[in-house]
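S.K.: This is what each chain is made of:
Number of protein chains: 4
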Amino acid sequence: MSNRKLRGAMIGGGYNSFIGPVHRMAGTLDGLAEFVGGVFSADPQRSREFGKTLFLDPQRVHGSVEELIRHEAALPEDQRIDFVTICTPNDSHYHAVCASLEAGFHVICDKPVTRTLAEAQDLVERVEKSDRFFGLTHNYTGYPMVREAKHLVGQGALGTIHKVVVEYAQGWLAPLLSNTDTAANPWRMDPARVGAACTMGDIGTHGENLLRFVTGLETEALCADLRACIPSNPLDDDGSILLRFKGGAHGVLIASQVSTGEENRINLRVYGSKAGLFWSQENPNYLELRDLDGTATVLSKGGPRLSPVATGAGRLPAGHPDGFIEAFANIYRDCFRGIAGEPVDVPGIADGLAGMQFIETVVASGRSEQKWTPWVSSR
Amino acid sequence: MSNRKLRGAMIGGGYNSFIGPVHRMAGTLDGLAEFVGGVFSADPQRSREFGKTLFLDPQRVHGSVEELIRHEAALPEDQRIDFVTICTPNDSHYHAVCASLEAGFHVICDKPVTRTLAEAQDLVERVEKSDRFFGLTHNYTGYPMVREAKHLVGQGALGTIHKVVVEYAQGWLAPLLSNTDTAANPWRMDPARVGAACTMGDIGTHGENLLRFVTGLETEALCADLRACIPSNPLDDDGSILLRFKGGAHGVLIASQVSTGEENRINLRVYGSKAGLFWSQENPNYLELRDLDGTATVLSKGGPRLSPVATGAGRLPAGHPDGFIEAFANIYRDCFRGIAGEPVDVPGIADGLAGMQFIETVVASGRSEQKWTPWVSSR
Amino acid sequence: MSNRKLRGAMIGGGYNSFIGPVHRMAGTLDGLAEFVGGVFSADPQRSREFGKTLFLDPQRVHGSVEELIRHEAALPEDQRIDFVTICTPNDSHYHAVCASLEAGFHVICDKPVTRTLAEAQDLVERVEKSDRFFGLTHNYTGYPMVREAKHLVGQGALGTIHKVVVEYAQGWLAPLLSNTDTAANPWRMDPARVGAACTMGDIGTHGENLLRFVTGLETEALCADLRACIPSNPLDDDGSILLRFKGGAHGVLIASQVSTGEENRINLRVYGSKAGLFWSQENPNYLELRDLDGTATVLSKGGPRLSPVATGAGRLPAGHPDGFIEAFANIYRDCFRGIAGEPVDVPGIADGLAGMQFIETVVASGRSEQKWTPWVSSR
Amino acid sequence: MSNRKLRGAMIGGGYNSFIGPVHRMAGTLDGLAEFVGGVFSADPQRSREFGKTLFLDPQRVHGSVEELIRHEAALPEDQRIDFVTICTPNDSHYHAVCASLEAGFHVICDKPVTRTLAEAQDLVERVEKSDRFFGLTHNYTGYPMVREAKHLVGQGALGTIHKVVVEYAQGWLAPLLSNTDTAANPWRMDPARVGAACTMGDIGTHGENLLRFVTGLETEALCADLRACIPSNPLDDDGSILLRFKGGAHGVLIASQVSTGEENRINLRVYGSKAGLFWSQENPNYLELRDLDGTATVLSKGGPRLSPVATGAGRLPAGHPDGFIEAFANIYRDCFRGIAGEPVDVPGIADGLAGMQFIETVVASGRSEQKWTPWVSSR
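Protein chains in written order, with the numbering used here: chain A, 1 to 379; chain B, 1 to 379; chain C, 1 to 379; chain D, 1 to 379.
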């Protein structure tokens, strides 16, 4: 880890952003970094005004990525930022990542990594060519008990996995179920901003990433039932997907933002030849293992039986709930370790590419009459 | 309701039967009927021996359906049985139902109704032609809170339904995951006994029936990923199905008996334009309603706000758990009302036919390369 | 077990009774007994009318205990009842038990066993002198997982117990919280019917019995805060009790019928030097064990790791919920075994006496300025 | 709120501290303040060494409170600290608070506020005489749903409260249940460090504060069963308390650190004439309201129906769990508002005094033969 606080700048995350404050809290929770500048609006005035609410030096707050990069690159090394956090809508990720890497800054980027698969493919090369760290905030992989789940799978505690079920159900778009006025659409329904998918890009990719993180399984082919329940939505808001993994396991992934009344229910179930495993994001500090005879063992975050990887991802003893922000902060802490050159297990550009392949495959399958659509590969 | 206890005979349900005792407890729980005879084994000696454990008159215990029917039909009306309960493996249902109806006995039959779709189609005509009552023990529809769910959907409390998710996960076959010896297979894996499907016939049909009972939705087409995870299994033990309903709603049905560690987890989620609804069989006395803003209302069995239909299906005040047997007994009580000529809302021969169509469609889809297989209709 | 169905008569349990139907369902669930007569009202006409709804022979339905006993005693042995079930209000238990025992009938009696401690003391002698079986329906001890809890404590799985917490919270009297009209009082508030306590007699005794059944601990002294929150109530409706057990463990027992919104929440927590144990009546098919490091193991009714005593008390596999009636039926089944001369672990007259001592001690403590009131002993 | 980041110094919270990192994360989560100095050990060398891990300027890290205060007081106003956070063991609180207030620094202090009641009484006067802000980190009052509970009680949603039950069960001391070696005692069992009580001071005061915060009820008299289950413990590790509140409500408070297997289970139940209310710290983002007929409404943190006070205390939308640190950070944020002169509802010196009175009363009651010990008042 670095022997000083790292310095970051934030692209996006201004007024009315949900995820901006999360990045700020997560990035600074452990006192390992501080945000010293950013681009919070394309309007420099508005950007600086917002920067004031964060007590930032107005000199380091800008109206464009170019300005930010130029200004920071010109600063002496002991003042210059180390990394850039990108949390704008998808369509501006690619450009911001490219510019940041070129200027020699490490990058922490929100998911999905880009608007298009081609952009993601290109970024893979750019990241590989650079010697900069690239982290992708698939934050659910930051929960201690998700990491324990991965550890247990890796240890063989489940035996051979044959089935995975992941559900990601939200209901926040359900009030639009009879909306026909496209003007009322949130930006997540705008293909120009988000790309080929709405819900599958926003939360479906989290589901895919979560199951891959925990199980290591790679999708071979899938069968998607994708649709818009909201009349004004040109993209998807509800989808159910059958999955076939390499090696023979099968699975189901459900992602929906019109699951009326649901908040942020992400449930993961993994079934193996020796045991089953269950985790739920809305009560994230527990992990249930069920053996072949049905006896359940419930492991708690902070408990003494956990692996070092899960223990290290918790901040408080058992019974003191860690939440969403702490999980997010684990991603950041790992990125900071990665920036310092330590080996870390945190989503990166390969996960970003996989997410875009997932979207591409799901959308293709959604339009296909064939049952199975092979996973879109690239490179 | 009848002004005397009804008399029943039981075909099946002898030594080592799980469901036999359930039928006996459920059928007699309310003191409305008694079982006076039966066929508990093809070996008359063994059948009578078992009958003794039930304190039955050995004269009324037989080794074949024919014998039972002949003997009972010859008794004076005030001694003769009123109904026959059939809880043998699927392959003997058809014959037993035919014989019972022909002799003028009402029939209460376990699901799935027959081994083949053709048999079910034939039974539809036979039941219609007879004036006898035919009830099918899709017992999960007997739970008070399932009935409340149906009532709420019917009242429009959910608005227009656009998505349904039903999961039926068991793990009792998981210990066979590496079994290759067909001799160790339970009878539920024997096509000669069960027909075209193992898990989809045994529990998939419960899932389909449950969602149809609650929502009234009829499947238009489906896409099944069906497979045997157990090497020795010539049929299915795990399946995931995408559903398209008439009227535009979509759904997912997951049924598996290799969901390691699961006991009998049946979860139903219904999403509508106004609210979402959740029910779980393993804690069946509660029903959760979530409105558009996520606020949850939890209704309890026995609570004063329930509809008469749910109130009538409970036997105890709130907080005093009704269980599986009580739900099963609700099916029986309704059948007894049906026998007495009262109108009842209990699964019958139409549900039996739908179950067989479901199996047929699922199996066809499981083999198809096409995404959507239309629901197999008949007649 | 008997080689024929036992015959019982029921005293109490007529129109508007909650517990009457429970006794009937529980007593007959396993097909081991039938109710053939009873006293359902002091008005013989009304009693017989009610008996008709149970399809009983009107000859065996009476308006008084004396009549019932006389009539049954006069019948030939192969028709005569074997046992009497008593489920009237407390004040008539004593008389009915005496008469039944004297006539040679076994007795199954609702709790609390009598209206006064003196009556209970007298019954102890009568039961001991008779050779008849006496069972007391402290039904919560019939739950399979309560029996497993007792088994685990007995096996030493918890080590030495130092603390017990039992809560029994109901809210059904809360709507009377501002009631001042004694005419509106339910009979449970009438000292002439119930004796010295309302809530402590009705449900406090269940709590005390449950903790004693599971832990074997005997109260040495207690400190009760007893009161009526309902203005019209001359007895108690809410109480909290500190307990000191022989051997050094301490505990807390909370019993209330004005716990607004509560249904029938009975929670038991037992803490020992090796593990803690948790059970909740409203979801009764699970038992949670927590070891010193906080890891929880959840055992399910019907699961393969249970002791024979818990396995034998379940009727269905894991995941198929047994409910209140099944637990009650376990008490009956054990009583039938006791009647047949088999050794059984089911609450009896000693528990009845303890319950009355508990009430006496609690009421005395409620009035005392001293902190600790020693357990009222007798004989 | 201030127009710049506030500057704080931390007294305590060095190596091996559990609560130190919590204060640091909570105090900086919202970017409203930074810790710039502190006293992390009485050994100046060791203190500075620890300060380095926080990237602090070694000049501002000291080995004593005096040094810290002297140094900071000498700095120009635009560099000087604004507030001091005190998170040492109880015995050094008093001195540190006095010194900080005298030097004109605001104070944020861990609970219990002092080691003795007399110290607390003295602090009341000192805080009142100063114009500095004093906040006490009874952090459980920072949870959004606890604040919603208080709001609902204040709005009359529960009617008149008649009963409160609060349980605070931990098991982390249970491994010492047979320990007799006082050398192995943690500092929380040392009267010289903690004062008159161990568990009642550490967590009992949280329970008392929580119930008072939510209900506004003040204890009039109490009856405590207090004891050490651990042989080496000269203070208490387990206690159960009956409570009588001014105005007529009663309650129960259970606090234990030998509740084997428990993690940090704080449950609050409040019963009123209109509704009951339930909250559990281990799943803190939900609040259950049950009306007179038992129907439960579950409110979620972040949900749209909450009061502004609860909404303002959440950082993320519903379904995105806020945890312990976020609740703690709410206390800090409110303290920062208080420092800026805004009116806030956050525990202060009056709560500190009440906590010490609670300890005093509980310990006195624990030794008394009388049932009720009146609440120790002062001043």
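Keep in mind that the hints are not guaranteed to be accurate.
[Said to hold, decoys possible] A few chain D residues that don't get close to chain A, going by computed Cβ distances all over 12 Å: (1) GLY31; (2) PRO44; (3) HIS151; (4) ASP291; (5) ALA296; (6) LYS301; (7) ASP322; (8) ALA327; (9) GLY338; (10) GLY341; (11) SER368.
[Said to hold, decoys possible] Within a straight-line C-alpha distance of at most 27 Å, the following computed DSS-like cross-link-like pairs (lysine-lysine) qualify: (12) B:LYS5 x C:LYS246; (13) D:LYS52 x D:LYS5; (14) B:LYS5 x B:LYS52; (15) A:LYS5 x D:LYS274.
Think of the hints as simulated: they come from the structure by calculation, not from any bench.
Remember, predicted model here, so these are calculated numbers, not experimental data.
All C-beta atoms in this analysis are idealised placements derived from N, C-alpha and C, irrespective of residue type, glycine included.
S.K.: It remains to establish, for every hint, whether it holds in the given structure.
M.R.: Hint check results:
no., hint, verdict
1, GLY31, "6 Å, violated"
2, PRO44, "21 Å, holds"
3, HIS151, "21 Å, holds"
4, ASP291, "20 Å, holds"
5, ALA296, "15 Å, holds"
6, LYS301, "9 Å, violated"
7, ASP322, "5 Å, violated"
8, ALA327, "9 Å, violated"
9, GLY338, "19 Å, holds"
10, GLY341, "19 Å, holds"
11, SER368, "32 Å, holds"
12, B:LYS5 x C:LYS246, "53 Å, violated"
13, D:LYS52 x D:LYS5, "21 Å, holds"
14, B:LYS5 x B:LYS52, "21 Å, holds"
15, A:LYS5 x D:LYS274, "54 Å, violated"
In the structure shown, a violation is registered for the earlier hints numbered 1, 6, 7, 8, 12, 15, in ascending order.
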